[in-house]
Structures are given as C-alpha cells and as structure tokens.
Amino acid sequence: MKLTGAQILCEGLVKEGVDIIFGFPGGAVIPLYDTLPQYPQLRHILVRHEQGAAHAADGYARATGKVGVCFATSGPGATNLVTGIANAFLDSVPVIAVTGQVRRDFIGRDAFQETDITGITLPVTKHNYLVMDVNDLAVVIKQAFHLARTGRPGPILIDIPRDVFLEQADFSYPDRVDLPGYRPTLQGHPAQIKKAAKMINEARHPVIIAGRGVNISKAYGELKHLAEMAQIPVVTTLLGIGCFPEEHALSYGMVGMHGMVYANYAIENADVLIAIGMRFDDRVTGKISAFAPHAHIVHIDIDPAEIGKNVRVDVPIVGDVKMVLQALNKQIAPVDHLDWIGQVDDWRREHPSIDIRDDDGLLPQYVVRQIYEITKGQAIIVTGVGQHQMWAAQHYWFNKPNTLISSGGLGAMGFGLPAAFGAQIGCPDAPVWCIDGDGGFQMTIQELGSIAQEQAPVKIAIINNGYLGMVRQWQQLFYKGRYVATPISCPDFVKVAEGYCISALRVKHKEEVIPAIEQAMAYQGPFLIDFMVEPEENVYPMIPPGATVAESIEEPKQPIKAISDSKRLKVSNI
Amino acid sequence: MKHTLVALVEDKPGVLTRMASLFRRRGFNIESIAVGHSELPNLSRMTIVVNGTASILEQVRKQLGKVVNVVKVADVTDDNITVRELALIKVKATSSTRSEIIEIADIFRANIVDVASDSLTIEITGDEDKVDSLLNLLRSFGVKEVARTGCIAMLRGSTSQLPVEQKPSKTRKERYNLL
Ligand SMILES: Cc1cc2nc3c(=O)[nH]c(=O)nc-3n(C[C@H](O)[C@H](O)[C@H](O)COP(=O)(O)OP(=O)(O)OC[C@H]3O[C@@H](n4cnc5c(N)ncnc54)[C@H](O)[C@@H]3O)c2cc1C
Ligand SMILES: Cc1ncc(C[n+]2csc(CCOP(=O)(O)OP(=O)(O)O)c2C)c(N)n1
Ligand SMILES: [Mg+2]
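If you're matching them up, the sequences are chains C and A in order. Just so you know, the first sequence maps onto residues 2 to 575 in the working numbering. Just so you know, the second sequence maps onto residues 54 to 232 in the working numbering.
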C-alpha cells in the first residue's frame, strides 16, 4: 500500500494509540494538516503559541501516563517548542514533537523559515531525527515512541521536510524496533538487591526518599508495601509527590530547600537512606557534604548515569523501580521502628513547617489549603514556578499519583496554564486546577484562548502577589531587600478572562475564598479566580542555598509586615 | 589526567555531534578523536582522548552510553592496551641536513614518504610519546607541517574491548524490512 509521508505519520500515530495532538500549523506542515481530516481518530487541538503545545503535551502525558504529541511548523514554530521540550527532558516526560522542515533541497541554505532544529534540540531531547527519506519514516515513528516511553522516558523530536510529507512510500508498520545501542536495564542485579535488603533489615533509622521514577514506573503498591512492612518513614521530592499518599501515617511530605523541616531532619539522621527513582537534585540535597551524613545510601534508578552523579552511593541498583521493589520486598523482614518514627514525629511537633498562621489577611497558603479542602484532595493540581508552586506542594495533600504536575527540573514559568490545559484534555472528567503566579501566568496567558475554544473546564487560581515573588523573597532574605525588577504589574485578569468569554472572579478577602472556590467547582466550564494575596508572604521553611538543615529558616513568629496593597503596581499607574 | 575512551557507534548522521556535545557542555577540550569502520558492519569505532578529572569523565562515559546510537563505550585508560597514532611530518631539508634527518627517522622506524628539493615528509606510527619525541628532534631542522590522526587503542591479548554479538551483515534497507 502506497501512502504519503503525511499519511504514514498519521497511521503511525494511530498505531501508537495517539488520540490527541496539540499543535499550530504553518507552511512546512500544511501537507500534514491537510491529511489530518482523513484520520478522525486524531483530534488536533489548536494552541496559541507552540510553547503552549509542548507544555500541553507534557501536562497531558503526566496526567494520563500516555505519550503527549505536539506539532509545529519549521523555523519559528520549531524554536517556540524548545522551552517545552527542555522542560519535558529535565522531568523525563514522554513527549513526541513533530516539526515541519523546509524542502530537502533547501536545507542548509538558510531558506525561509529554516532552522536546524535537530541541532538546537540535541542536548534537550532523549533522541531526535531528521527524516530525509520517506521510506525511513515508519521506522522512525516506531523508534520514537519506543524511546519516548521506555527506560527513562523523555522527549523525542522528529523533523520532517515538507516534500517528505508529500512523497509516497510503501507503508508497513514495524512491530519491533532494532536499536542496538538502546537496552534499558529493568531487572535489578540480584546480588545488589540482596545487599540492599540486608542493609534495610538491619537499619535502625531508615528513610525512604521517593521520586518521580516511582510515578513513571507505577510502583505505588510496591512502595507502600515496603514502607508499611518495614515501617519506614517516606519523604518525597517535589516530583515524587503523590507517589505515596500524603495522608498516610508514614508520609512526612516533601524534602529539600522548601521541604518539611522534619523530613529534612529525618534524612540528616537516617542510618539507611533508600532513594527510589529520584536523582538527588541540588534543591533536594542542599549542601552535598552535609546531606544524609550518617546514612548508607541505596539508590534505585533506571538510568546508570544518575548513580553516583551527585552523592556517593553504597548500594546502587540499576533497574525499573517496580521490578526492583518486587524483588526487594520479598527479602524484607517485617519490623517496626517505633522509636525512630516517634523521633520523627517529635521533630514534626517541634517544627510543624506548614502551620498556617491565624491572620485576617488573605494568605496564599490559606487559599491553597481551601482548594485542597473543597476538592477533597482529589483534584489534579498544575502549577507555575515560584512561591505559589511551593505553597501548592506544601499545603495541598496529594493522595493519588500524578496529581501534582509541576515543572521541577527546568522550573519554567509559563508552564502552568498550558500544562493544565493538556491535563484537562487528557482527563476530561477530573477536576483540574491551575495554581499559577501573577508573573508566570502572564508568560502563557494566551492559552486562555485555547481553553476557551475547547471549553476545557480548567479552574485557574492566580496567586496574585504583585511580585515575581520567589525572586523577591531571595532579594528580601539575601540581597538586603533590594527589590530590583520584581514588582510586576498585572492586567485586570478578570477582564482578560471575560475577554476570552471565561467566567472570572476577584477575591480580596479571606471570607470570600471558600465561596469563590465552591462557585468555580460548581461551574461547568473554565473559571478563573484572581486571589489578591498578601504581597510579601514568604515560603517557609527554607534552607538557604548551600546551607544545612540546622540553618533552616522557619516561619517567623512575627511576620514581616507587608507593604500596603496600594503599593501594588497597576497598569494604570505606570 | 588524560583519558582514552573507545566506543562502538552506529553509522548514522549526527552521532559525532551527539557525543562531542557531552564534552562541549562541560567545557572539555577533546585532544583527539579518531573514527573509522570496526569489525562489524554498520558500526564505527571511535577513540577519544580527553583531559579531565576521573569522576567527571566517569559521568561523561555513562552519558555517552545513553546516546541512542552508541552501542558500547569504555574507558580503557587503565587497561593493558596498545595505543597507536600516525603522523605525517613535513620537515625542511637541505643537502647538508637531509642525511641526518633520514638517520633520525630510521632510529624511529619512520618512513620517508615524500621527497622534495627542500623538504622531506616523514610518516611515523607509534604511541603519542614516540611521535612527540620524533617531532621534538625534528624541530631544529624546521618543521613545516604536521598532520596527526589521533590515537586509536585496542586491548592486548585475545579478548576484545567491546564485545558485541555478531549478526549477519545486512544492508540498511534489509534491516528495516526485517523489523
Ligand atoms: C522553585 C523551585 C523549587 C524547588 N524546590 C524543591 C524542593 O524544595 N524539594 C524538592 O524535592 N524539589 C524541589 N524542586 C524540584 C527539583 O528542582 C527537582 O525537579 C526535583 O527534586 C526532581 O525530583 P525527582 O528526582 O524525583 O524527579 P526527576 O528529576 O524526574 O528524576 C526522576 C528519576 O527517576 C528515574 N526514573 C525514571 N523512571 C524510572 C523507572 N521506571 N525506574 C527507576 N527509576 C526511574 C530517572 O532516571 C531519574 O533519575 C524545586 C523546583 C523549583 C522550580
Ligand atoms: C521562564 C523563567 N524566567 C525566570 C524564572 C526565574 N523565576 C523563578 S520564580 C520567579 C517568580 C515567579 O513569579 P510568579 O509567577 O508571580 O510566582 P510567585 O513566585 O510570585 O508565586 C522567577 C522570575 C523562571 N523560573 N522561569
Ligand atoms: Mg507573583
């Protein structure tokens, strides 16, 4: 059967189970778009900027566990994807980006809208392809999906010249891949697993630190089994949140720079640290030399390059979390660590970390906590980057995996809205809340248009503090309060939303919070709430960069009084 | 310290860039890189010599292994290996110095591969030190041009450094149809 390149691509997508594509057309991909109507199984969703397409595909992938797909045209379309691709790369998200390229005979001649997108994305993709022969296309698609979703997942870019879309080839879809250089190790080494089991069985102060690898591997059951059987306190990274129910008695929340003080104390005093599917990011470890100084470290990770990269590891186990834990759990003896757990509980009492102070003002932490209460912890929360992100991680308790979707590794402001849109498209019946900052929201605000066009019922909570708050906090704490370039004016977000025919409310007072959230939840379509929170709230606890747990800054008893609300920059008074 | 890495890589466009970029992002300077066919069809063998601290290079080696087109990679610095490099050296030669240069070349078992009225071109094979020594001796005569291939390395003895199961040779097309 002879098909065009565009048809081969669509056939491949259908064969790989794709049903949603986020994209934006242009000259080089018109032949592809022209073919889409022949494939009604493929629903194309138009975004307003290609960065939005990549983030939406990312949010979709994290929420559904499927591969997210996005399309863009050559040149500017392709370069606009780059932030989204880098984001997916750093957080190991399976995304396939298909870009159009100029005709083959124009490549390398600085043709109109030509960019070397495979060159540009080389360091931020797991792999990428420039398809110069339509006969290679089916194999490339097969390989791309295989690479994206297996091993350590990641984004794959496929660059297809315009004339390759038009050229015909015999089509048969391969049923297996031939990648001699790609064989992820899944089963852990039995001797290493045995060593780890012995270490865990002999531990007196064990701690599990679980990361996004647990989510990727869907090893929630195995993790819970291990923790419960050996009574081990569980802490998670930002991206591991939800892989272990946060309401569980053994859950001690997030670790790291803005993690719970008691979680960080647990790590500092652990004698055995079981690191599962996490990569010891510097936001997690702080000062490396002071990280888990008394612990023997067991590190389970599918990527051998992560082992020993940032911290020394005593028992490395390369493999898939689920498979490794299945083997490991068989060798774990049931014990209780009453004294140890009692000790961690004492730290929790001494350093509650996330108590919200009684305040008449509108506290951002309070807003997040109310969203948690009203959604009964069942929503998918998608955040931007900054203070609101940390408050979302701290004050919403996640009991289901993959319900916190956040840009961790790249920390890309602007991720929130498009990723929430993608998550909602992937999970049409789930409540999806986008908790975003007033700064980051303005970076991808245009995706309100996509949300309106699709009537995706995303609920948007803007934590509006009038600042690039996270940077302002650093300026306050470490740069003598010089707020350079962090006060930020906002448009009237309610009017902006209404301009897109999206219902919206502004909340200025504490007592309006609950009714507003309830109204948003009851509303059928998308809904935006602009929460005018205390401008100078800080995220605590905080371990200053390069410092140790003992130097944690906790919520001061007397909060630093905020500047008055009238100091907010308004568009009208600049 | 200087490290020697050898890798078997798929014969595909972009492989060299993918590998080189892992050194570039760390600001490492690759001292030499040599690529050519291996004993296996469709696989090239690459020898990379680079300066860097052992722990960082270990990280680079692991990341090289993650490049999809890299089939095998090993750091052979501490192994019992044979290392060879080939160099062509064009040196000024007058009637009075010519015989002395030839004598030096002989001592190094180097070959004279080209003779011109005022120069000689010498081909030498050996490890880096040997090539460097010859080069140093020739400097006083006036070295006009030097081309070096960069090192290639192989394990001594009968074991191979990068064992890969041999598959019957297939053209690219045939392999794809097999899938
Ligand atoms: C403003 C800001 C503040 C932050 N503060 C904090 C903080 O206080 N605390 C914190 O924890 N983070 C914080 N982060 C996030 C941090 O930067 C990292 O993104 C995060 O810690 C990474 O978590 P991770 O290692 O679990 O996930 P990833 O970076 O996604 O790593 C996942 C690991 O799991 C492995 N893996 C994948 N699949 C499998 C599998 N099937 N089997 C086995 N292993 C697998 C991967 O190889 C990888 O090593 C912050 C980010 C921002 C933007
Ligand atoms: C694209 C991008 N640019 C800059 C930054 C640096 N940065 C990190 S947090 C932050 C402030 C975010 O402000 P806002 O979205 O209002 O959130 P807040 O911290 O106030 O909750 C900035 C500028 C970033 N993470 N991403
Ligand atoms: Mg802000």
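FYI, nobody ran anything at the bench for these hints, they're computed from the structure. Remember, predicted model here, so these are calculated numbers, not experimental data. A hint or two may mislead.
To be verified - Here are the computed lysine-lysine pairs in the PhoX-like style, where the Cα-Cα straight-line distance is at most 25 Å:
| # | chain 1 | residue 1 | chain 2 | residue 2 |
| --- | --- | --- | --- | --- |
| 1 | A | Lys143 | C | Lys323 |
| 2 | C | Lys377 | C | Lys196 |
| 3 | A | Lys55 | A | Lys145 |
| 4 | C | Lys310 | A | Lys145 |
| 5 | C | Lys310 | C | Lys331 |
| 6 | C | Lys496 | C | Lys481 |
| 7 | C | Lys509 | C | Lys496 |
| 8 | C | Lys323 | C | Lys199 |
| 9 | C | Lys377 | C | Lys225 |
| 10 | A | Lys115 | A | Lys65 |
| 11 | A | Lys125 | C | Lys310 |
| 12 | A | Lys55 | C | Lys310 |
| 13 | C | Lys196 | A | Lys197 |
| 14 | A | Lys143 | A | Lys197 |
| 15 | A | Lys115 | A | Lys143 |
Violating hint indices (sorted, rising): 1, 2, 3, 4, 5, 6, 13 and 15
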